[in-house]
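Those sequence lines, one after another, are chains A and B. Residue numbering for the first sequence follows our numbering, beginning at 3 and increasing consecutively. Residue numbering for the second sequence follows our numbering, beginning at 385 and increasing consecutively.
Think of the hints as simulated: they come from the structure by calculation, not from any bench. By construction, the Cβ of each residue, glycine as well, lies at the ideal position given by its N, Cα and C atoms. Hints are all accurate, no fakes.
Footprint (simulated), chain A over chain B, 3 or more residues, beta carbon under 8 angstroms: (1) 529–542; (2) 559–567; (3) 572–578.
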Amino acid sequence: MAHQKSAQYDRVVRKQYRELMDRCKVNLDRMDSELPPPVEDFQDVLKDRGVSRRSFIKWTSIMTGALMLPPMFKPMVARAAEQFSRVPVVWLHMAECTGCSEALLRTSYPNIDDILLDTISLEYHETLMAAAGDQAEQCLEKALHDFPGKFVCVVEGAIPLAMGGKYLTLGPKGKTGLQLAREVTSKAAMTICIGSCSAFGNVQAAKPNPTGAVGVGQALGIETVNIAGCPPNPNNFVGTILHCLMFGGLPALDGLGRPVWAYGKRIHDYCERRPHYDAGEFVEEWGDDGAKKGWCLYKVGCKGPYTFANCGRIRFNDAISWPIMAGHGCIGCTEPNFWDTMAPLEKPIQDATIGGGEATVDHIAMGLTVATVAGIAAHAGATAWVHRDDKDTANKE
Amino acid sequence: MENIVPKKEWSVAIRYNHWIMAFSIFALIVTGFYIAFPFTLTQGETVNKFFMGNTRGVHVFFGVILLFLFVWRLYLAAFSRFHADWKDFFAWTDINNTVKQIKFYLLVSKEPPAHKYLYGPLQSLAYGGLLFLVLLICLTGLILMGAGYHAGWTALIYPVVKPFEIILGGLASVRYIHHVLTWAFVLFIIVHVYMAFWYDVIFKEGTVSSMISGVVFRKGDH
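All chains, please: the whole structure from these sequences, using the hints.
As C-alpha cells, then:
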C-alpha cells in the first residue's frame with residue numbers, strides 16, 4: 003500500500019518536473035530568438051580563465067541543487083549559464099559602499115560565479131566602466147534606448163528621500179538618486195536589489211536616519227527582487243538570474259521580496275552548531291572552553307534564529323567558511339532594519355538598551371517587580387491598620 | 385448571626401480553565417526564562433543531551449495549550465450555559481464605580497464599590513487586559529514556533545501568522561515583544577494573587593477557595 007502510494011507520488015512529481023522542463027526549454031528557445039547573441043562563447047571564456055569542463059559541470063550540479071531542482075535540470079542550468087551574457091544589465095549605485103560589487107567581483111581565484119558576473123553584458127556600472135562624465139551618461143542613455151523593457155536593472159544602495167533626495171546627487175547633470183532610479187527602473191524588465199541597502203535601507207536607514215534613506219522598493223513603490231545581505235552571497239544573485247533565464251519569470255518570493263529558494267529557511271535551521279543549541283551547550287564568553295569546542299553562539303549574540311538566509315549551506319569565498327563557522331554569531335544582515343532590530347550584535351536580543359541609557363527591558367521589569375512586591379507589602383500593612391476595626395466587629399458577631 | 389448564603393459563582397468549566405491556564409502560564413514562564421537565559425550544561429557528551437530541545441518542546445506544548453484555553457475562555461464568555469460573562473468585562477465603563485473602587489483599594493474610603501457585575505471595575509480591566517496579553521503572546525509565540533518547526537501542524541499555522549511577522553518587523557522584533565510580554569504576566573500574577581487573598585481577608589467571602597469549590601459565601605443580600 004505504502005509502496006503503491008509512493009509510486010503514485012513519484013509519477014505526479016515526475017510529471018510536474020517534465021512540465022517544468024518543457025517550460026524551461028520553450029523559454030530558452032524563445033531567448034535564443036529574441037535577445038542579442040552572446041558577445042563571446044562561454045566555453046571559450048571558461049577555457050581562457052583556466053576552468054575545466056569538469057569544474058563547470060560540478061558547478062551546474064551545485065546551482066541545480068541550490069535552486070532546489072532535480073538533477074535532470076543540470077543541462078538546462080549549463081545552457082542558461084551560456085546565455086548569461088545575453089542579458090543586458092544596468093547597474094546603479096545609490097547610497098552605499100560598493101561592498102556588494104566588491105564581494106561579487108573579488109575572490110582569491112575566479113570561480114564560475116565570478117566569470118559569469120564578468121561576462122555579464124554590463125551596459126552601465128559606475129564602478130567598473132571605463133567611461134566617465136558625459137560619456138558615462140551616454141552609455142546609460144544608449145542602454146535605455148537600445149533595450150527598453152528588456153534589460154535588468156540592478157540597484158546597489160539605499161535611496162535618501164530627505165530634502166527631496168538631495169543627499170545623493172550623481173553624474174554630470176546632478177540628478178538625484180531618486181530621479182535616476184525612477185528613470186531607469188521604469189524602463190527595466192525587472193529590478194533586482196542587491197544587498198540590504200537597496201532592499202531595506204540597511205545602515206543608512208538605521209536610527210536616527212538623517213538622510214531619510216529607504217530601500218528601492220519603498221522609495222519608488224515598485225516590486226523588486228531583494229537579494230538581501232551585507233554583502234549578499236554571489237550565488238543568490240547568479241541563481242536568481244539563472245532562474246529568470248530558465249523559466250522566463252521570477253522565482254517564488256517571500257513577503258519581503260527575497261527569493262524563497264535562498265531565503266526560505268533561517269540560519270538557525272541549517273546551522274552546524276545547532277546540535278549544541280539543542281543540547282544546551284553555549285559559548286559564555288569569547289575564547290572560553292565552549293568557544294574552543296565550537297559550541298552554540300546564542301548567548302554571545304548570534305541572531306541566526308531570527309534571520310532568513312542560506313549562508314550556512316552555500317557559504318562564502320568559494321565555500322571556505324561563513325561567519326558562524328568562523329566563530330562569530332550571525333548579525334542578521336538579511337533582515338529589514340537589522341541595525342536597529344538585531345542590536346546589540348554581540349549580546350542576546352533582550353539586552354538591547356532602552357532610550358540611550360544603560361537599562362535593558364529586564365532591568366526595568368525587575369525594578370517594576372521589586373516595586374510591586376514592596377507596594378504590596380506596604381498596602382498589606384496599611385490595610386491591616388485601616389481595616390483594624392472590621393475584625394473587631396466580626397469578632398463581636 | 386448574620387445570614388450567610390453560599391452562592392455558586394464559577395462554573396466547572398471556568399475553574400478548569402483557570403487552573404490549567406495558571407499552570408500553563410507558570411510552566412511557560414519557567415521554560416521561557418530558560419530559553420531567554422539558558423545555562424550551559426558542561427558535563428557529558430553533546431549526543432546525550434537535549435535539554436534546550438526538550439525545554440522548547442515543553443514550552444511549545446504549553447503554549448499551544450494556552451492558545452486552546454484562550455479560545456475556550458472566549459467561548460465561555462460568549463456562550464457559557466452557566467453565566468456568559470462577556471458583559472462583565474466592561475464593568476469599568478461605569479466610571480463612578482471605578483473611581484469608588486480605586487478609592488477603596490487605596491484605603492482612602494472604606495465603602496466598597498457596588499457589586500453590579502461579576503467582576504469589579506478594575507478586575508474587569510485586568511482580566512480583559514490579561515486575555516489581550518494572552519492573545520498577543522500566543523500570536524508572537526505561534527510565529528516563533530512556526531519559524532522553528534517546519535513540519536506538521538506548526539507548518540500549517542506558519543503561513544497564516546507570517547504576515548504579522550513582517551508587520552511587526554521581523555523575527556527579532558517578534559521575539560523581543562514576546563520577551564517583554566512575559567514580564568507583564570509576571571507582574572499580573574503577583575498582583576492577582578495578592579488581590580485574591582486581600583479580597584478574602586477584607587470581605588471574608590472565601591474568594592480564594594471559590595476558584596476551587598466554585599462557591600462564595602455572601603453575607604445577607606449583597
